[in-house]
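Undergrad: Let chain A serve as the given structure and place chain B on it in line with the hints.
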Amino acid sequence: MLARSPHAALRRLFDEVGPVDAVGIEERVAKYGTRSIKKTSKLWGLKLAASMVDLTTLEGKDTPGKVASLCQKALRPHDPDLGVPQVAAVCVYPAMVKHARKALGRETAVRIASVATAFPSGQAPLKTRLAEVKAAVADGADEIDMVINRGAFLSGEFGVMQDEIRAVVEACGQATLKVILEVSELETYDNIRAASFLAMRVIREGDFIKTSTGKTSLNATLGNNQVMIEAIRDYYLDTGVSIAMKPAGGIRTAKQALTFLVAIKETLGDAWLNNARYRFGASALLNDLIRQIEKENTGAYQAPYYFSEATESY
Amino acid sequence: MPTLTAKKTSTRPARPAPELIFGDLWEFDPSPETADPKLKTRYELFINGQFVAPKSGKYFDSINPANEHKLAEIAQASAADVDAAYQAAKAAYDNVWGKLPGRERAKYLFRIARLLQDRAREFAVAETLDGGKPIKESRDFDVPMAAAHFFYHAGWADKLDYVAPGRRVAPLGVVGQVIPWNFPLLMLAWKLAPALAMGNTVVLKPAETTSITCLKLAEILQDAGLPPGVVNFVTGAGDVGAAVLNHPIPAKIAFTGSTEVGKIILRSLAGTDKKMTLELGGKAANIVFDDAPLDQAVEGIVNGIFFNQGHVCCAGSRLLVHEPVAEQVLAKLKNRIKVLRVGDPLDKNTDIGAINSKEQLRKITAMVASGVKEGAEMFQPTCRLPTKGYYFRPTLFSGVSMSHRIAREEIFGPVLSILTFRTVDEAIEKANNTAYGLSAGVWTDKGSRILKMSTELKAGVVWANTYNKFDPASPFGGYKESGFGREGGRQGLLDYCTLI
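So the sequence lines, in the order shown, correspond to chains A and B.
The first sequence begins at 26 in our numbering and counts up one residue at a time.
The second sequence begins at 37 in our numbering and counts up one residue at a time.
Only chain A is shown next, with the shape it has when bound in the complex (with noise of 0.2 Å):
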């Protein structure tokens, strides 16, 4: 009876992946923010980072003509001859994907990412849900940042969890798979640990396992990037699948994307230092990549109203 109860099968799950310390991971990673980096290295890290952002609007009050200035932007951050290079992806609601994709064109290097799945909850019936990715996709995502079913997760029922994500690959055909684990519902780093590797196990190379919705009180921390980033690499190391990750959500400034992706640098390899296996699903990053790369090449700060951090001046 007992061993049949949800607590039982998320026990038998960590004596599976392993365990994590909480004190010991926020140990580690306070030691990623006293790197220090200086000069071309930091120019490097700033445009890397800036080739990783996922460029955001997800509100209820998004138009065509707020995502066609977002596509805007995202092709051109900035003035060309300072070396800011394209975002990775603009993303968008799924009814905004057909409006994305006309003021993107065909011939993009930028992708479209959409986040279906009934968007932050995951509340929807399946069948609504395997609708919405096939109506993205039909429209022109690239790309699929869908929700787990935290319900099914949290009362042990991992087969559930497990078959609704398959499901959702299924429907993607050739668009790239996002997974969010939603880690503040998740709560405790076992837990994120544990949904990564059920995850990992049911999607394909460079598929994406991701934080957050950015919809919840608490999104990426370092701390569970490193939780998540070394699930990776362990599944990398067992199986040989690279499984891409992205944080989203509380990255606002450039400071702290160069310590994520020291932590990367660090414990995934240089591998993964590229867009196709780590993005920033954020906004407001993006200006201040580029006030600091200004910075760097200029050597002083700009005026504060050079560069925005609310979206809406996109």
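Treat each hint with caution, since some may be false.
[What the hints assert, rightly or not] List of simulated lysine-lysine pairs, DSSO-like, C-alpha gap at most 30 Å: (1) B/K505 x B/K488; (2) B/K505 x B/K299; (3) A/K56 x B/K482; (4) A/K64 x B/K384; (5) A/K56 x B/K384; (6) B/K505 x B/K384; (7) B/K310 x B/K91; (8) B/K370 x A/K280.
If you are wondering where the hints come from, they were derived from the structure by calculation, not from laboratory data.
TA: Same frame as chain A, but now just chain B:
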């Protein structure tokens, strides 16, 4: 232990064993700390509140182990200088310090702590130049921790009536102290703060390779207005240490250093009524069970053995791993030490700095050679080392057994010996099978096992799911040949007083 992919049957074609690439795709530019260490070209003895030239007129060079450049000249004390220092300390005890109420002594200690904080960056750079430790450690650990010890003991100075319930305490008088080169400023604080808080006066000798921050602290003692003679510093090598320890005046001797020297001291003081505390070597076991959070354990192992280039008496130099996870832990350790940065200690990104002296580098090299010769398997990352200065790559030895020299003798360098065990009893037996007993670490998810281990491990400190954590309130000291007496906390204070 089941594999991480127990539920997945892979149908993918075979490919080469996956490996992580820790290359130079994103190399960090040099990032040296630039604060001015404000070094003098020549440092004198500090006796009776003054900087005085040694009677011999001789000086020796202090070398920066990172590049072998001379940093400054240090006075070479003689027996006559040591005697002058003791006379000053005795006069200061009889006339001033011994009579001062605790709340007055506290004011001086608070002042010293705050002045040290004010000059923290300067002291951190000086400590790194002198000893070779990475600036991030001297900045984030040594200097703040030294200040914390002064603060903590300042807090005790006016509350000594409560340190031994039901008893009253009195200072001992003059104490003689000799400290090692691995944490020059911090060991100084560990020694000075409790002695002064209790009302004793001090004659102290720093290690000959690392005298500079000690003499810089003398400047702070002057600025704090500490009465002359309360603290006296004499510098030089082992002969000066012998003069400090064998002088008739001190009522107590405190020594931190090697077990070898500790034994000599113990012999020479036998038959005298001097009190003594010795904090000597260690060969700590860091024990990892199969249910431990392995990545955090690996982090703790790295912190335990590579902190301060392994020049730590409580370093976790013997790793005992539960057999089911031994291979996994070794693989994780290898990947972890590939990203440790060895090099210029002043660079803020350096994880492992310079070995403290040529002599120590020679000892480490010889011990590592013996490990290879005795058949243990060695792993070192391929990191580049600076061409000048004393450096040693972080080193792992696997397949080590209890009879290997590298499992029994203290190496005092960045070298980890990895042994395995099968049961809890075997782990305890192996951990305790050593002449030392300073510290130990236990890594497990099971709380009851932590309690059992901490009871049965014969070690002064047992860390659970962490390593190398220090606090002024926590007593530190050893069992067996790791010495006796405690430093820090209430217990540390009691070693500097008589109970009435």
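Undergrad: All the hints need checking, so say for each whether the structure fits it.
TA: Each hint tested on the structure:
1. For the hint linking B/K505 to B/K488, the alpha-carbon distance of about 20 Å falls within 30 Å, and the restraint holds.
2. Restraint check for B/K505 and B/K299: the C-alpha separation of about 28 Å stays at or below 30 Å, so the hint holds.
3. Distance hint between A/K56 and B/K482 is fulfilled; the C-alpha atoms sit about 27 Å from each other, no more than 30 Å.
4. For the hint linking A/K64 to B/K384, the alpha-carbon distance of about 14 Å falls within 30 Å, and the restraint holds.
5. With a C-alpha separation of about 11 Å, the suggested pairing of A/K56 with B/K384 holds against the 30 Å cut-off.
6. Among the hinted pairs, B/K505 with B/K384 is consistent with the structure: their alpha-carbon atoms are about 22 Å apart, no more than 30 Å.
7. Straight-line distance between C-alpha atoms of B/K310 and B/K91 comes to about 28 Å, which keeps the hinted pair within the 30 Å bound.
8. Restraint check: the Cα-Cα separation between B/K370 and A/K280 comes to about 29 Å, which is no more than 30 Å; the hinted pair holds.
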